[in-house]
Amino acid sequence: MTEPYAARVSGTSLLAWRNLSHDRARFVVTLVGVLFAVLLMGVELGLLLGFARTTSGLVDHTAADLWITPAGTTNVDIAGRLDERRRFEALAVPGVASVDMLMMQFAFWRKPDGGTESVSMVGFNLASGQGRPWNLVEGRVEDLQQDDAVIIDQLYAGKLGVTALGQTVEINNHRARVVGFTQGIRTFTQSPYVFATHRNAQRFTFFRPDQTTYLLVRLQAGADAAGVRAALQARLGRVDVWFAADFARAAQRYWLITTGAGSALLLAALLGLVVGIVIVGQTLYATTVDRLPEYATLRAMGAPNRYLHRVILKQAAISAVFGFSGGMLLVALVVAASAGSTVAVAMPLGLVGVLALLTLCMCALGALVSIRRITRIDPTSVFQ
Amino acid sequence: MSAVLALEQIGVVYGQGATAFTALQDISLEIEAGEMTLLLGPSGSGKTSLLQIMGCLLRPTRGRVHLFGNPLASGLAVEAMAALRLAHVGFVFQHYNLFPTLKAWENVAIALDIKAVPRSSQRQLALALLERLGLGDRAEHYPSELSGGQKQRVAIARALAGKPRILLADEPTAALDGKTGQSVAATLHGLARDEGVAVVVVSHDPRVEPFGDRVLHLEDGRLVGDRRPQRSSV
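Chains as they are written, first to last, in our numbering: chain A, 1 to 384; chain B, 1 to 234.
Honestly, the hints are just simulated from the structure, not real lab data. Among the hints, a few may not be true.
To be verified - One-sided and incomplete, this derived list gives chain B residues near chain A with beta-carbon spacing under 10 angstroms:
#: 1; residue: Thr-48
#: 2; residue: Val-78
#: 3; residue: Ala-83
#: 4; residue: Arg-85
#: 5; residue: Leu-86
#: 6; residue: His-88
#: 7; residue: Gly-90
#: 8; residue: Phe-93
#: 9; residue: Asn-97
#: 10; residue: Asp-113
#: 11; residue: Gln-124
What the hints assert, rightly or not - Derived coverage of chain A by chain B (criterion: at least 3 residues anywhere in the stretch with Cβ under 8 angstroms from a Cβ of chain B; other residues may be distant):
#: 12; stretch: 7-15
#: 13; stretch: 292-304
#: 14; stretch: 370-383
Just so it is clear, CB atoms sit at the ideal spot from N, CA and C, and this is done for glycine as well.
Construct the entire structure; sequences and hints are all you get.
What follows is the structure, encoded as structure tokens:
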């Protein structure tokens with residue numbers, strides 16, 4: 001005959017589960033509290049990560065080892081200009097395999113219906129492909145060779161008044177034609193990226209033919225990256241030379257920390273954590289107080305304090321597991337819904353792990369008041 | 001017979017200064033294995049305090065407690081006292097103090113779990129104890145589904161689960177009807193006689209008295225009587 005589950009679990013687990021399940025109303029309140037705390041933390045942290053990825057998306061999707069930027073540049077979306085001669089100076093540095101120009105400049109997009117939007121013009125070298133659009137779902141990157149050709153993201157097509165490939169618009173009063181769509185290339189500035197060849201982008205934005213924004217450096221195989229970077233910095237003088245990963249982090253830091261946008265999201269996530277601690281704390285404490293005579297009996301029977309603590313902590317853990325599961329289900333729905341919007345909620349496996357850990361900590365912290373209460377329990381109270 | 005528990009000039013005072021209340025004074029006695037000792041006395045005479053001293057639940061203000069011939073340190077830590085209870089003492093309470101969310105066998109198994117008895121054998125041991133106390137068919141019932149007598153038997157089974165050398169019962173028959181009360185008293189007496197457990201029962205119940213091998217009388221915190229009634233059988 002199969003043993004009942006109660007025979008296979010420890011006494012503390014059994015007591016913890018029964019204490020919760022025999023007071024269903026309170027258990028449901030606990031779970032709802034944990035669930036919404038997880039939802040709030042998950043969405044806010046997911047937004048934070050989504051924004052972080054968005055702010056550095058352009059850097060992350062190039063294969064450059066080093067980025068040369070105008071001095072004082074803090075993020076990839078806003079920068080001054082570099083002369084093309086800098087490219088030749090960079091090419092002369094030992095260890096450098098190639099240097100490509102990448103242009104970034106705000107521009108005005110006039111929609112077919114006459115309205116105007118701000119866009120971020122991205123001009124890249126079609127031959128090397130450094131800085132080219134990714135996740136192309138319609139059209140071909142090669143079509144950008146045409147003089148007026150641009151590629152935009154489907155997420156912003158409505159905003160830019162574009163309904164189909166081949167549609168013509170104006171960028172800074174120059175005629176432009178949409179030849180391709182990407183999927184999921186978001187911008188934090190809400191000025192959508194518009195991809196064109198470097199030459200076309202210069203024309204659209206009134207850059208001189210010898211001007212660009214960034215120089216993307218590929219190193220020769222086996223080159224000492226730090227050494228080449230230092231040599232470039234010394235040779236080029238008034239520019240900044242970044243490792244790609246550092247530049248990506250700088251962009252994230254600028255938009256999320258310097259502007260305060262990330263703090264607001266973190267604060268909301270923290271609020272979720274606090275709300276969760278309070279709800280779990282209150283409901284667990286109420287359950288504990290109801291069962292004080294039982295804890296006193298355990299103590300009289302000789303149970304050490306740690307045995308009683310385990311019961312409380314397991315109640316917290318059970319609440320965490322159920323609340324987390326429900327909360328993550330809702331988070332998954334939000335993540336799925338955000339896939340088609342300009343605001344991405346990212347939820348990689350690592351963040352799921354962090355959320356699970358936060359939920360466990362939240363419930364354990366909520367259990368502290370109850371633990372404190374039963375630690376002081378007087379076993380002689382069983383005789384009263 | 002040998003003394004499992006010896007009290008030496010025990011005194012207990014609650015509170016301090018003007019509000020101090022003396023619950024026990026100058027109590028010296030020995031509790032023998034294999035005997036059922038009754039602790040009688042009016043309300044407020046100190047019976048419960050004495051039971052708590054015997055059960056390592058309360059530290060005496062004065063005097064010494066010897067367990068199996070070893071004196072207990074006066075400043076014994078709370079956790080050390082709990083360890084002593086776990087190792088040697090079983091309790092049976094007036095209101096059973098069963099865990100309402102656990103079935104009868106689970107209530108017994110909890111005592112085994114606290115003693116770190118392997119999980120794989122807890123259920124079998126608990127069922128065997130319930131069977132021994134005539135509750136084999138009630139193992140899967142919750143306390144709310146049991147009669148008072150059945151609950152008290154589950155409580156006795158739970159107290160016995162840790163194989164205690166000392167079993168302390170506080171008014172174990174007070175909430176039971178006459179026949180059931182007698183039956184529970186007989187069970188406790190059987191444990192002392194057949195298994196050598198030192199059983200101490202605090203009671204007001206005259207139905208229990210015939211089962212006592214020894215009767216101690218307390219009044220105003222003092223031991224005023226200690227006798228061994230003559231009886232043919234119980």
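Hint-by-hint comparison with the structure:
1. Thr-48: holds, 5 angstroms
2. Val-78: Holds. Min distance 8 angstroms.
3. Ala-83: Hint holds; B/Ala-83 Cβ to chain A Cβ min 7 angstroms, cut 10 angstroms.
4. Arg-85: This hint holds: B/Arg-85 lies near chain A, its Cβ roughly 4 angstroms from the closest one there, short of 10 angstroms.
5. Leu-86: holds, 3 angstroms
6. His-88: Status holds, d = 9 angstroms.
7. Gly-90: holds, 8 angstroms
8. Phe-93: holds, 6 angstroms
9. Asn-97: holds, 4 angstroms
10. Asp-113: Nearest chain A Cβ about 3 angstroms off; hint holds.
11. Gln-124: Since chain A brings a Cβ to about 9 angstroms from B/Gln-124, closer than 10 angstroms, the hint holds.
12. 7-15: Answer holds; 8 residues pass the 8 angstroms Cβ test.
13. 292-304: holds (count 10)
14. 370-383: Result for this restraint: holds, n = 4.
No hint from the list above goes unmet by this structure.
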